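Enquirer: Please build the complex by placing chain W on the supplied structure of chain Y, with the hints as guidance.
Note that the protein sequences, when read in sequence, are chains Y and W.
The numbering used here numbers the first residue of the first sequence as 1 and each following residue consecutively.
The numbering used here numbers the first residue of the second sequence as 244 and each following residue consecutively.
Possibly wrong hints are sitting among the right ones.
If the Cβ cut is set under 7 Å, some of the chain Y residues that face chain W in the computed set are [unchecked claim]:
#1 P80
#2 A81
#3 V84
#4 P99
#5 E100
By construction, these hints were calculated from the structure, which means they are not laboratory data.
Being a predicted model, the structure only gives us computed values, none of them experimental.
C-beta: ideal position from N, C-alpha, C; glycine also.
This is what each chain is made of:
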Amino acid sequence: MTMTGGKRGPELVLEGVSVYYGRVPALQGISLRVGPGELVALLGANGAGKTTTLRAISGLLRPRSGSIRFGERDLGRLSPAAVVRAGIAHCPEGRQLFPEMTVLENLEMGAFTRDDPEIAADLDRVYALFPRLRERRHQRAGSLSGGEQQMLAIGRALMSRPRLLLFDEPTMGLAPYLVDEVTEAIGQLHEQGIGVLLVEQNVHVAFAVAERGYVLENGRIVLEGPIEALREDERVKRAYVGG
Amino acid sequence: MIELDVLVQALLLGLFNSSVYALVALGLTLIFGVMDIADFAQGALYMLGAYFAFYASQLLGVPYFASLGLAALGVAAIGVLNYLLVYRPLHRVGGATTFIAALGILLILENAAIFGFGADFRLLPSPFGQQKLTLGGAVLTYHQLFTIGMTGVLLGAVWLFLRRTKMGKALRAMSQNRDAAALVGVEMHKVAIITFALAAALAGIAGALVSPTRAFNPTIGGIIILKSFAIVIFGGMGSLKGALVGALIIGLAETLVAAFTAAQYSDLVAFGLMIAILLVRPQGLFGGGGRTA
Numbered sequence: 001m002t003m004t005g006g007k008r009g010p011e012l013v014l015e016g017v018s019v020y021y022g023r024v025p026a027l028q029g030i031s032l033r034v035g036p037g038e039l040v041a042l043l044g045a046n047g048a049g050k051t052t053t054l055r056a057i058s059g060l061l062r063p064r065s066g067s068i069r070f071g072e073r074d075l076g077r078l079s080p081a082a083v084v085r086a087g088i089a090h091c092p093e094g095r096q097l098f099p100e101m102t103v104l105e106n107l108e109m110g111a112f113t114r115d116d117p118e119i120a121a122d123l124d125r126v127y128a129l130f131p132r133l134r135e136r137r138h139q140r141a142g143s144l145s146g147g148e149q150q151m152l153a154i155g156r157a158l159m160s161r162p163r164l165l166l167f168d169e170p171t172m173g174l175a176p177y178l179v180d181e182v183t184e185a186i187g188q189l190h191e192q193g194i195g196v197l198l199v200e201q202n203v204h205v206a207f208a209v210a211e212r213g214y215v216l217e218n219g220r221i222v223l224e225g226p227i228e229a230l231r232e233d234e235r236v237k238r239a240y241v242g243g
Numbered sequence: 244m245i246e247l248d249v250l251v252q253a254l255l256l257g258l259f260n261s262s263v264y265a266l267v268a269l270g271l272t273l274i275f276g277v278m279d280i281a282d283f284a285q286g287a288l289y290m291l292g293a294y295f296a297f298y299a300s301q302l303l304g305v306p307y308f309a310s311l312g313l314a315a316l317g318v319a320a321i322g323v324l325n326y327l328l329v330y331r332p333l334h335r336v337g338g339a340t341t342f343i344a345a346l347g348i349l350l351i352l353e354n355a356a357i358f359g360f361g362a363d364f365r366l367l368p369s370p371f372g373q374q375k376l377t378l379g380g381a382v383l384t385y386h387q388l389f390t391i392g393m394t395g396v397l398l399g400a401v402w403l404f405l406r407r408t409k410m411g412k413a414l415r416a417m418s419q420n421r422d423a424a425a426l427v428g429v430e431m432h433k434v435a436i437i438t439f440a441l442a443a444a445l446a447g448i449a450g451a452l453v454s455p456t457r458a459f460n461p462t463i464g465g466i467i468i469l470k471s472f473a474i475v476i477f478g479g480m481g482s483l484k485g486a487l488v489g490a491l492i493i494g495l496a497e498t499l500v501a502a503f504t505a506a507q508y509s510d511l512v513a514f515g516l517m518i519a520i521l522l523v524r525p526q527g528l529f530g531g532g533g534r535t536a
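So here's chain Y without its partners, still in its complex pose:
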């Protein structure tokens, strides 16, 4: 059961990316990469620029300078819709569902850019990954519990058949057993060959699934390396006080 059709995606490469909110710099020349099928964690304190990074990749924000490439394609000038078509799905912070639409409609919206006959099969795969979504497919998304909403947000992202998934705080506000469930789902998607860039406040989750990681501080990348190396670093501990 794979969501990728067996193809690994191209490499995502950010080089010297700066993003400003008005005059305030949010990212100051960051460079990072996510290899094909790789699971990379993006760590850092609140306000370090993690969400901004994801929003720049998915085209919601325009970098002032630097380049964002996905294989051969320059994402820096693409609309969010074109980024989705290029094979990148963004599972945003706080789920961001369509609350008045049913579970099924939300999943169908995930396949909005597609027009192929395999949408139904992919829907079954999402239901296999999260059986509760099948049970609740005709319920309003806004009526789901927090955990179910997160599963729906992941499912909706999968419906575009991404080769790279951007996760923004997927376990935020979830009960511990649901954190495990979502972590496991992310691990499974990675095993199927989907690349993942994971922003996660819960370092235990990041350390459990990621292969490599970057640490952001005030819009700059201050540290990168294999996840085991980051685990012991003082700066990581500082970024996550009590984490």
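Expert: Okay, now just chain W, sitting in the frame of chain Y:
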């Protein structure tokens, strides 16, 4: 004692008024839901719909029913132009700017219409002539019945469009969560054009439908858009259900007040109900828990 005939008459007339309100308010709430713009220019589009129908049938000899379609298309084109030329460039600024721009468009179109068409009141002959339906002592013209029926058909068509088509779902999605709609690949620009075209077409048809029952001149758009806006606030900004239920309640309440108190009080109803709902439920009847659009 309430006289039955007066009551029935007020209800029938109220249903007709509600139909007109519903068409304009629906467009208004769609644009508000999707674009976050309180598009008062819709009032001018309603007025232009009446003139489109008038000139199509009087000058070009187009049959009335075909002129409804022409009015829809012509006004939809103007609605889209409003978006492309004014709202789109301003949208980054947002907030009060687009609202003031909307008032500007309303005034410009109104004055352009006075300049082009004159300020005289006009009335289009109804294809149904003076035929009336009589229910006891109450009467409704065939044209008013036709307007109510057409409104039903149009609302049904919009409902099907929003529920069953991909573009309709994209429109609802954008109204419920803009960022999320962008992230699943909805082209904002395309949805905006469809939304403005649809809303303008509804306003244009409403104007064209009313043109044989009520005399019109270039200034009729102001009061209809104020009332429709009150209805949208009453029902909940951005809520489709709210716009329809609000149109029904306010349309009926107006004619009932006019029938049983005095006609000059009827204009108070829409704004009185709007203020009342703002006091007890600021998000409106169906607003708040996310938008249904």
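Enquirer: Are the hints correct? Go through all of them and say.
Expert: Hints and how they fare:
Interface restraint check for P80/Y: the shortest CB-CB distance to chain W comes to about 4 Å, inside 7 Å, so the restraint holds. The beta carbon of A81/Y is positioned within 7 Å of a beta carbon in chain W (closest approach about 4 Å), and the interface hint is therefore held. Satisfaction of the interface hint for V84/Y is found here, the shortest Cβ-Cβ separation to chain W being roughly 4 Å, below the 7 Å cut-off. Given hint, P99/Y at the interface with chain W, holds; its Cβ is 4 Å from that chain's nearest Cβ, closer than 7 Å.
At about 5 Å, the closest approach between the beta carbon of E100/Y and any beta carbon in chain W falls short of 7 Å, and the interface hint on this residue holds.
The structure shown violates none of the earlier numbered hints.
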